[in-house]
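Trainee: Chains as they are written, first to last, in my numbering: chain A, 67 to 431; chain B, 67 to 431.
Hints may contain errors.
Just so you know, same-sequence chains aren't split out, so a pair can sit in one copy or run between any two.
[Stated by the list, open to error] Listed below are the simulated DSS-like cross-link pairs for lysine-lysine, each with C-alpha atoms no more than 27 Å apart in a straight line:
1) 96 to 128
2) 124 to 319
3) 214 to 111
4) 111 to 128
5) 118 to 211
6) 111 to 96
7) 111 to 319
8) 124 to 214
9) 118 to 214
10) 211 to 319
11) 124 to 211
Since the hints were made in silico from the structure, they are not lab data.
No experiment lies behind these values; they were computed from the predicted model shown.
There are 2 protein chains.
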Amino acid sequence: MVIKNTAVSSRAGAAPTIVDVAEQAGVSIKTVSRVLNHEPGVQEKTRERVLKVVADLKYRPKLSARSLAGARSFLIGLLYYDPSAAFVAGVQKGAALRCREAGYHLVVESLHNDALDIDQQVERMVSALRPDGMILTPPLCDNAKVIKALSDAQTPCVLMSPRVVSPDERSVRIDDVHAAEEVTNLLISLGHQRIAFVQGPADQAASGLRYEGFERAMLAHGLSVEAELVQAGDFTFPSGVAAAHQLLSRRVKPTAVFAANDDMALGVLAAAQRLGLSVPTDLSIAGFDDSPAANLVWPPLTTVCQPMEAMARTAVEMLILPNRVDNETSDSAPQQRVLPYQLQVRNSTCAPRGHAAPAIKSKKA
Amino acid sequence: MVIKNTAVSSRAGAAPTIVDVAEQAGVSIKTVSRVLNHEPGVQEKTRERVLKVVADLKYRPKLSARSLAGARSFLIGLLYYDPSAAFVAGVQKGAALRCREAGYHLVVESLHNDALDIDQQVERMVSALRPDGMILTPPLCDNAKVIKALSDAQTPCVLMSPRVVSPDERSVRIDDVHAAEEVTNLLISLGHQRIAFVQGPADQAASGLRYEGFERAMLAHGLSVEAELVQAGDFTFPSGVAAAHQLLSRRVKPTAVFAANDDMALGVLAAAQRLGLSVPTDLSIAGFDDSPAANLVWPPLTTVCQPMEAMARTAVEMLILPNRVDNETSDSAPQQRVLPYQLQVRNSTCAPRGHAAPAIKSKKA
DNA sequence: CTGAAAGCGCTTACAG
DNA sequence: CTGAAAGCGCTTACAG
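All chains should be modelled from the sequences, with the hints used to inform the complete structure.
Mentor: Shown next, in the form of structure tokens:
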């Protein structure tokens, strides 16, 4: 004996369904659905009546039902692997908030970039969850197996700061080259000439781009990039320490060090201070990323701030908005977005010893 | 004209459903369901046949369908608000990995702890998503409105490091008092007597507990806790800097400072070094949390490592495992779990100047 | 040990 | 502008 809940209001305790709303509003469930999905073709008066009942009953459409019946799951996936803590925090906050604003939810999955069956892991997750889109963070955004698995499953994705920007893939990033160029220009404008650079690992996108920016700025100012002032690193603190020991043992020491990321810059800072150097007066140091630790040391680090939160919000929008009509781009070309970074000038950089004032400081105002 | 996909194999392109599996295996969908859910009462031979077809077809049950039909959603929610980056990263990794192992998925939501309608935000999210459980991190785990909203929605939750441990709520934490006691004991055993303490904000759980541990250890060793050596702080770097300036201006300076968290300890470190003190020889410094930055400075910080990942895994298990039969606790009493922390002794602590060797070092072995 | 039927709560084509 | 019907792909009671 099955008791259908089409009688009277509804069974107490259980959450209200679209049927309950339809009955109380005196319309069909289809009309309720139309109102909830902002579909056109509902009389204003009807719409208001439905909305009132929805509010009264505190009706919330169940995600699983919408997902099963319709084409959308209202789920956005965030895939990451061993990211810097700062990265996760920012990306996650931006993505989660933007999702909520749009009635979506953020599902995060932690993967091992080197797992042999990573494509199967992705396939498994995607076919169970059916997310409407996926956000890939480094280094997963450069993992061909992951991207192929997603493409096979016809799941749209956005790459955050990918190594290579392809016209076939949507991506969000900052202009690393330009940012590194600006940092270098800052050092040069302070009067530095012997500027060392600590590189990141060769297999990471950012490494090459940041070095390129450094080199470009140096050459543009007629400064040479000496091989002995370019030190290898791998984005870790210890590699920054090691690089500093090398650099500071040169016959002519650099007056400034630009490390391709903050962790290494912090290593340089620690090493320099241990060697008795005063930062920034004896040695200026600049990093990249504006990690939380950059502001938790003395002197706080001059660095580049990537707008993690904004980048994540943008990524979510690129996955959600295409469903709506209000975007101009009529062709289905995937988009590449470049967001503005911010140069954070703090106390780890100043003019080199014996150099009175910044060289170029003719304000144009 | 509706084309049912009960013909032949299945329509090409579309993902296989339970019906496809049932047909190819020559059983009913109910049997397939039994096999997939590890229900008893399926002949071994039948089970194997079904499993083979599942593998061949790469069949993955769709979450939305399972969720709509059944009592479980296979979704675990993680609620957080502005946590330290290190916290998010660890918690998230542990929770996401444990979820995947169990066929669950982790949905994260970022909330504003001070939002007036936070209970409605939670209610909204829970009634749409229907997660099988929820993990609350500080300070949300101490937010009565959030807890009530969850309880009203009959969504089980686990509190991570809550301020108050209630028998009505499941929780996972470490023993803050004991950990702080051990840090203090370490300093005392090195020979320190004038040990300063930098407190956390009064409204945070950990603050009081850590101070309690500090005080307990001091008193146990017959050392007095002088009011002028206990400085207020708010868990931020600047408050650590400020506290250090106060403490180091006392008539008799402390030889060691124990800060209730790492960010403040880093502030103390930065301030001490700026004042020309050598750490640890002039001043020993200890923190709490083992934040990433603790290892990104020189000297690296002696601190307490909370097993974030393990705590998160445990939290997930406490939400998932009750569904199974294999846990001993027959009564439905919520559980409180206390996990082991780890003392990280690094280079920011040593014996005070003029003190040859650690005072108490009679090894009991 | 196995299965036929009903139902979960929505959206998708249709039809008017 | 509105609605009746079918269906999404599973699990839940049943029944044998």
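Trainee: Does each hint fit the structure? Answer for all of them.
Mentor: A quick look at each hint next to the structure:
Taking the shortest Cα distances, residue 96 and residue 128 sit within 27 Å of each other both inside one copy (15 Å) and across copies (25 Å). In this homomeric assembly, residue 124 and residue 319 never come within 27 Å of each other (Cα to Cα): the closest approach is 69 Å inside a single copy and 61 Å across copies. Proximity of residue 214 and residue 111 under a CA criterion of 27 Å is satisfied in neither setting, with 49 Å inside one chain copy and 36 Å between copies. With identical chains, the CA atoms of residue 111 and residue 128 are at most 27 Å apart within one copy only, with a shortest distance of 25 Å there and 38 Å across copies.
Within a single copy, residue 118 and residue 211 get their C-alpha atoms only as close as 49 Å, which misses the 27 Å cut-off; across copies the closest is 25 Å, which meets it. Taking the closest pair of Cα atoms, residue 111 and residue 96 come within 27 Å of each other only inside a single copy of the chain (16 Å); across copies the shortest separation is 46 Å, beyond that limit. Proximity of residue 111 to residue 319 under the C-alpha cut-off of 27 Å is found in neither arrangement, the shortest distances being 78 Å within a copy and 75 Å between copies. In this assembly of identical chains, the alpha carbons of residue 124 and residue 214 lie at most 27 Å apart only when taken from different copies (17 Å versus 42 Å within one copy).
With identical chains, the CA atoms of residue 118 and residue 214 are at most 27 Å apart between copies only, with a shortest distance of 26 Å across copies and 46 Å within one. Within a single copy, residue 211 and residue 319 get their C-alpha atoms no closer than 44 Å, and across copies no closer than 59 Å, so neither meets the 27 Å cut-off. For the homomeric pair residue 124 and residue 211, the shortest alpha-carbon distance between copies (18 Å) is at most 27 Å, but the shortest distance inside one copy (44 Å) is not.
Checked against the numbered hints listed earlier, the structure breaks hints 2, 3, 7 and 10; every other hint is satisfied.
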